[in-house]
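*Asks:* Given these sequences and hints, build the entire structure.
Each chain, written out:
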Amino acid sequence: MNPNERKFEELMNKMTFDDKPDYRHRDKLEQELLAAFARRQWQEKQSRQTPWGQAGVWRTIMQNRPMRLVAAAAVIAIVGLVSWKIFERDVTTPITSLELLAKAQAAEKALFAKTGIVHLVSEITVYPTTNKGAELIEKLGDTKKPTEEFHKIYREIMGQWMVSWLPISSLQANGWTRTNRIKLSEGSQQAYTIQDDSWYDSATGRFARVMETDGNIIFANSYDGSFVYQSESMDNGTIKVKSEAITANFKAPDNPAEFLGLTAGVQQCLDEKCLRQPVQAVTNDVLADGTKVTVYKAGFISLTGELNTYYLFKVRQSDEIVAEIEYITNGKPQIIVRRVLSESVEKPEFSWNLAELSNKELANEAPSPVTVASDVATPNISVRDMAERASFETHIFATDPNWTQQRIIVDVLDTMNAPKRLFVVLYKAQDKRDVILAQSETHNKFFASMTKQIEAGGKTLEKTVYPNGYKVWVNAGPVAWWTDLTLRSTGIEPAANRSGYIVESPSGTILIIAINGQLTKEELDGLINSLIPAKDYQVK
Amino acid sequence: MSITELSGFAFEPDPMTQAKSDPGAFTRLYLRHYDAIFRYCAHRLFERTTAEDITSEVFLKMVENFQTFDGNEKQFRNWLYRIATNAVNEHLRKTARRSAILTWVWRGSSKNSADDSTAADESHDNQAVVKKALLTLKPEEQAIVTMRFFENLKIEEIAEVVGTSAGTVRSQLSRAMEKLRKHISSAQIYGQEVTL
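Those sequence lines, one after another, are chains P and E.
According to my numbering, the residues represented by the first sequence are 1 to 540, in order.
According to my numbering, the residues represented by the second sequence are 1001 to 1196, in order.
A few of these clues could be false.
To be verified - Below, simulated DSS-like cross-link-like pairs (lysine-lysine); rule was C-alpha separation at most 27 Å, straight line:
(1) P:LYS14 x E:LYS1020
(2) P:LYS20 x E:LYS1138
(3) P:LYS251 x P:LYS109
(4) P:LYS20 x E:LYS1132
(5) P:LYS20 x E:LYS1131
(6) P:LYS471 x P:LYS452
(7) P:LYS14 x E:LYS1061
(8) P:LYS297 x P:LYS251
(9) E:LYS1061 x P:LYS7
(10) P:LYS28 x E:LYS1020
(11) P:LYS7 x E:LYS1020
(12) P:LYS14 x E:LYS1179
(13) E:LYS1061 x P:LYS20
(14) E:LYS1061 x P:LYS28
(15) P:LYS14 x E:LYS1154
(16) P:LYS183 x P:LYS347
(17) P:LYS7 x P:LYS109
(18) P:LYS7 x E:LYS1131
(19) E:LYS1131 x P:LYS432
(20) E:LYS1154 x P:LYS109
(21) P:LYS7 x E:LYS1138
(22) P:LYS420 x P:LYS183
(23) P:LYS7 x E:LYS1132
(24) E:LYS1020 x E:LYS1074
(25) P:LYS14 x E:LYS1132
(26) E:LYS1182 x P:LYS242
(27) E:LYS1182 x P:LYS20
(28) E:LYS1074 x E:LYS1132
(29) P:LYS7 x E:LYS1182
(30) E:LYS1074 x P:LYS20
(31) E:LYS1179 x P:LYS297
(32) P:LYS114 x P:LYS292
(33) E:LYS1020 x P:LYS297
(34) P:LYS28 x E:LYS1074
As the list claims (entries may be wrong) - Computed spacing ranges between beta-carbons, pair by pair:
(35) P:PRO533 x E:LYS1074: 46 to 56 Å
(36) E:ARG1028 x P:THR291: 23 to 33 Å
(37) P:ASP27 x E:ASN1065: 29 to 39 Å
Hints are computed from structural coordinates only; laboratory data are not their basis.
No residue lacks a Cβ here, since even glycine has one placed at the ideal position from N, Cα and C.
*Replies:* Listed below in structure tokens is the structure:
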């Protein structure tokens, strides 16, 4: 800098500007940016569906936008849940897909940060619903696109696709989070309201959560500093509280909002790894108690331009705290979660060790039609477990791919076909070419429908047959797109050169293989040739 | 238990890559750069409301193109400055608006002169002279001067922002300084005669 410049700089330094950032503007812009970011991500995701690479029958099928969306629906529904609290626990990126709510969720967390014991009360209203996902996917194979009937089924699938059950998270003694679900008994015709009470002591991390409906306690989870207490639903409609000493790896949760309070569990539904419904409208409203709220309507627009299935997030304007979340499909509410109370108290109504509930099986006067099931996902099961738990023939590589170092099998609820299970086998690789093998009855039904559509169009599906009888579908559609979804669902950032294969077993079931990179011909051949029925797997 | 812990492998995601898919990382990136970009706009435009509008425009443009950006965070900062420079220049090219700013600055100066006598008034008066002088520069020159003296960017960094060579920036800066010298050399700034 020459003397003149230095002199000018001195002059500049003496100048004053109205240049102090106004954080109201910064925060407002942040909201706009997050909304724009969400839109861009969705557009990017859509555009990633295009590099199909090879011409073929799949192109004909998949160029049809409805079919792509239905396929997306099925694939996400199948694998989306895997990320729920299994792979994502403690990942330091808690912001979710509905970015406009990021601040609201932070506010939820702030509620728990208050000194002393915080008591939160929410009301959860669950409406009766029938899961027809599997049936609809099957029916799709019989329809001709793009007829009215096809659109009708498609709309219904979209309705099923959205998570029409409420995930309830609970902390386990090993520090992991378990995802449970509120379930209404089959044939239940009426809605039920559940009171959800949580107490949290920020100084010690101790907490208690108890849910009850019609005087029946249906769920409880707590941590007293040494033990974790967790209710289990019994077959006779009662619950039993079990205690387990915390393991060496356990640490009190940093963010109680992950499993307590109104955004618990729901937060995961907003996670970009799960579903990313764009916000379609933002309006103002006033709740019955006079609270002014901003209402975010988030969902996917249907082919006919309708928003049939969506979430309504009602955020208090005064402090940006979520006041209410509604899940609506075809104009009818499915689930409503409403904040009732947040207060500071001297002590919880239940002991931290749930002594009031422990030591006995809680015999409810009449079995509650509402239960909390813990069957959403179980990580780290064995190959044998997979073979035994599956309602269909499952398959596995006889030897792990030689470029991978660790295998994890996760047993997940097949939401489109509940209570049946789907299985995701993840092979982690240091060279990042992770391999995922996914299989379920929904996969089988969906791809059977696809085959039916193809054959109805007079086309033949090409397959490469391997010596062990497994067949790899040729021109297997928009591979980049569905491998992207599959990888994301297990928390893996998809690489640009990801690849994937649809494999048909000798018994006709379908296996989805997604790889976060490319395989050589030899590697692919080795992989397919090593496939065997899981029941025949020998532990080495 | 995270995937990292489950798998036993340590992955350190690049923050820029992470910000492209993770809203949390994206928000953190935005918050790290908001202040600098707002200040730059305020220094260029001398007016808060317009500076905030342009800042919004800058970041919204950034979101639109973020997926195609390929670089580290320093390059990202320079990229933001480039978007901001273009946005401010575009704004200033709207002659009517530019005249309005000049008038506003000058009125502020005159008012202070009329009120007279206090040190604060004198300071405002002097600032008005400098601001007015800055506004007589071409937008591109004004950008370079602002980045150099208010944002303390190095010549090489300015060159990256404006998409030219360091040598060209030096020449442009030199020409801009000469113009400024002509505009304010006769003025008594902060009690001293300025000879640039």
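*Asks:* It remains to establish, for every hint, whether it holds in the given structure.
*Replies:* Now the hints, each set against the structure:
Under the criterion of a C-alpha separation no larger than 27 Å, the hint pairing P:LYS14 with E:LYS1020 is inconsistent with the structure, at around 40 Å. Restraint check: the Cα-Cα separation between P:LYS20 and E:LYS1138 comes to about 26 Å, which is no more than 27 Å; the hinted pair holds. The hinted pair formed by P:LYS251 and P:LYS109 meets the criterion: a straight-line CA distance of about 18 Å does not exceed 27 Å. A hinted pair counts as satisfied when its Cα atoms are at most 27 Å apart, and P:LYS20 with E:LYS1132 qualifies at roughly 21 Å.
Restraint check for P:LYS20 and E:LYS1131: satisfied, since their Cα atoms lie roughly 18 Å apart, inside the 27 Å limit. Taking the CA atoms of P:LYS471 and P:LYS452, the gap is near 17 Å; set against the 27 Å cutoff, the hint holds. For the given pair, P:LYS14 sits about 33 Å from E:LYS1061 by alpha-carbon distance, which is inconsistent with the 27 Å threshold. Taking the CA atoms of P:LYS297 and P:LYS251, the gap is near 36 Å; set against the 27 Å cutoff, the hint is violated.
Distance check on the hinted pair: E:LYS1061 and P:LYS7 sit about 36 Å apart at the alpha-carbon level, beyond 27 Å; violated. Using a Cα cut-off of 27 Å, the hinted pair P:LYS28 and E:LYS1020 holds, with the two alpha carbons roughly 21 Å apart. A threshold of 27 Å between alpha carbons decides the hint, and for P:LYS7 with E:LYS1020 the separation of about 43 Å lies outside it, so the pair is violated. Restraint check for P:LYS14 and E:LYS1179: satisfied, since their Cα atoms lie roughly 20 Å apart, inside the 27 Å limit.
Taking the CA atoms of E:LYS1061 and P:LYS20, the gap is about 23 Å. The hint holds against a cut of 27 Å. This hinted pair checks out: E:LYS1061 and P:LYS28 have alpha carbons roughly 16 Å apart, not beyond 27 Å. The hinted pair formed by P:LYS14 and E:LYS1154 meets the criterion: a straight-line CA distance of about 20 Å does not exceed 27 Å. Between P:LYS183 and P:LYS347, the direct Cα distance comes to roughly 31 Å. Violation of the 27 Å bound is thereby established for this hinted pair.
Straight-line distance between C-alpha atoms of P:LYS7 and P:LYS109 comes to about 51 Å, which puts the hinted pair past the 27 Å bound. With a C-alpha separation of about 16 Å, the suggested pair P:LYS7 and E:LYS1131 falls inside the 27 Å cut-off, and the hint holds. Proposed proximity of E:LYS1131 and P:LYS432 is contradicted: the alpha carbons are some 55 Å apart, above 27 Å. A threshold of 27 Å between alpha carbons decides the hint, and for E:LYS1154 with P:LYS109 the separation of about 42 Å lies outside it, so the pair is violated.
The suggested pairing of P:LYS7 with E:LYS1138 holds, with an alpha-carbon distance near 22 Å, which does not exceed 27 Å. For the proposed pair P:LYS420 and P:LYS183, the alpha carbon gap of about 15 Å is at most 27 Å, so the pair holds. Restraint check for P:LYS7 and E:LYS1132: the C-alpha separation of about 18 Å stays at or below 27 Å, so the hint holds. The hinted pair formed by E:LYS1020 and E:LYS1074 meets the criterion: a straight-line CA distance of about 16 Å does not exceed 27 Å.
For the hint pairing P:LYS14 with E:LYS1132, the CA-to-CA distance comes to about 16 Å; that is within 27 Å, so the pair holds. The suggested pairing of E:LYS1182 with P:LYS242 is violated, with an alpha-carbon distance near 84 Å, which exceeds 27 Å. Simply put, E:LYS1182 and P:LYS20 have alpha-carbon atoms about 30 Å apart, too far for the 27 Å limit, and the pair is violated. A threshold of 27 Å between alpha carbons decides the hint, and for E:LYS1074 with E:LYS1132 the separation of about 32 Å lies outside it, so the pair is violated.
For a cut-off of 27 Å, the pair hint linking P:LYS7 to E:LYS1182 stands: about 15 Å separates their Cα positions. This hinted pair checks out: E:LYS1074 and P:LYS20 have alpha carbons roughly 23 Å apart, not beyond 27 Å. At roughly 55 Å between alpha-carbon atoms, E:LYS1179 and P:LYS297 are farther apart than 27 Å, so this suggested pair is violated. Pair hint P:LYS114 plus P:LYS292 holds up; C-alpha atoms about 24 Å apart against a cutoff of 27 Å.
Restraint check for E:LYS1020 and P:LYS297: the C-alpha separation of about 24 Å stays at or below 27 Å, so the hint holds. Our distance criterion of 27 Å between C-alpha atoms is met by P:LYS28 and E:LYS1074, whose separation comes to about 25 Å. With their beta carbons about 54 Å apart, P:PRO533 and E:LYS1074 fall inside the hinted range of 46 to 56 Å. Between E:ARG1028 and P:THR291 the Cβ separation comes to about 31 Å, which falls inside the hinted range of 23 to 33 Å.
Roughly 23 Å separates the CB atoms of P:ASP27 and E:ASN1065, a value that falls outside the hinted 29 to 39 Å.
When held up to the earlier numbered hints, the structure conflicts with 1, 7, 8, 9, 11, 16, 17, 19, 20, 26, 27, 28, 31 and 37 and fits the remainder.
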